[in-house]
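Visitor: Just so we're aligned: the sequence shown equals residues 1 to 336 in the numbering used here.
Be careful, since some hints might not be right.
[Stated by the list, open to error] What follows is a list of derived Cβ distance ranges for each label pair:
1) Lys90 - Asp266: 36 to 46 Å
2) Gly209 - Asn304: 42 to 52 Å
3) Asn75 - Tyr320: 38 to 48 Å
4) Asp89 - Asp194: 15 to 25 Å
5) Asp256 - Gly82: 51 to 61 Å
6) Asp114 - Lys177: 40 to 50 Å
7) Ala171 - Glu138: 20 to 30 Å
Calculated from the structure, these hints are not laboratory results.
For clarity, every value in this text was computed on a predicted model and none was experimentally measured.
Think of the CB as a built atom: it goes at the ideal place given N, C-alpha and C, for glycine as much as any other residue.
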Amino acid sequence: MKKFIKKILCISISSAVIILSGCNTNGNISTADTAAKISNSTAQTVGTIKTNDETGNLSEFDPYAIENDDNVPDNLIEKHDGVDYGTIDKDVEYYSSNAKDNKKCNVLLPAGYDNSKKYPVLYAIHGWGGDYTGLIHEDSFLHILYGNMLEQGLTVPMIIVSVDMYTDILADKENKKPEEMRLCYDKVVYDIKDDLMPFIESRYSVLTGSDNTAIAGQSQGGVESLATAFTHQGMFGYIGSYAPATGAIPTEYFKDTYWNWPILDDFVIEDEKNTPKYIYMSVGSKDPWDIEPTLYYGEVMTKNGIRNQTDFVEGYEHDYIFWRLCYYNFLKKIFR
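Please model the entire structure based on the sequences and the hints provided.
Guide: Given below as structure tokens:
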């Protein structure tokens, strides 16, 4: 069994108390304790869950109070007969003013999707060299994982949008040099806010606001998820960044290369009311590229008083097996 071999300190802005062991302040809480039933009786919305505290009173769900797992249960990684894995809208096209061209995304609608109800939305970003088809298709790890988790009550109904990071004239993509690709990828920071989110909100039955909006990505997509959320503060309540590459903020890693071009000057929350409910970063001990930047990002956030949960996990590499673990931990905690 893989084990966590290091946990980065997390800090609460309100208390300035540094907490060890993945910010688990309430002791060990089982998955069953957090798999609350979803009520559709209030305003016909889904995804908002409150839990009972020790006094029996309803309290807000605290994602930092739960230790992240270091393995995904076997029964979540394969399709099972009789499980509804939802519906995938494939090759959904919208116009991107930032690309000056049409772009596409894949959209996963949860089992039982009902236009009379409203759902929170997770925007998921692929890594370098991928596209919008990688994370959401019939046999993708995220499609299967989410469907099984929803069936078992380990997460809540949500819409998952698989974002295409490439934001430029599509016909020019094959001719782009790596440094040009980096610039095209970085434009997704504005494409998501300006073009994709308004399109999704006009086409699907979604809840809006930061409490109902999450963003996550892996590798270069992890950089873009951080940059998008910190650029457009107050829009994303949940941020996942899995083995993010260098280039989100200035670092000494891969200096004088296009990998090192920083999008942000620093991680700073300009208004405390826009503090995300949950920031989760993680990297595997066998990752060949992104250990240093991932841990550095966590340290900078902590230094700047931004609460985060940053894990260094033994035995994992830079591949879909690790992305699956990260999404498993993230999906358990968002929109609760």
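Visitor: Is the distance from the Cβ of aspartate 256 to the Cβ of glycine 82 consistent with 51 to 61 Å?
Guide: Since the Cβ atoms of aspartate 256 and glycine 82 sit about 55 Å apart, the hinted range of 51 to 61 Å holds.
Visitor: Just tell me: holds or violated, for the beta carbon distance of lysine 90 and aspartate 266 against 36 to 46 Å?
Guide: With Cβ atoms ~39 Å apart, the hint holds.
Visitor: Return holds or violated for the Cβ distance of aspartate 114 and lysine 177 against the range 40 to 50 Å.
Guide: holds, 46 Å
Visitor: Range hint 38 to 48 Å: satisfied by the CB atoms of asparagine 75 and tyrosine 320?
Guide: violated, 18 Å
Visitor: Taking the Cβ atom of alanine 171 and the Cβ atom of glutamate 138, is their distance within the range 20 to 30 Å?
Guide: Roughly 28 Å apart at Cβ, these two residues keep to the hinted range, so it holds.
Visitor: For the range 42 to 52 Å, tell me whether the beta carbons of glycine 209 and asparagine 304 fit it or not.
Guide: With a Cβ separation near 24 Å, glycine 209 and asparagine 304 fall outside 42 to 52 Å, so the hint is violated.
Visitor: For aspartate 89 and aspartate 194, compare the CB-CB distance with the range 15 to 25 Å and indicate the outcome.
Guide: Given range 15 to 25 Å: holds, Cβ gap about 21 Å.
Violated hints for the displayed structure, listed by number in ascending order: 2 and 3.
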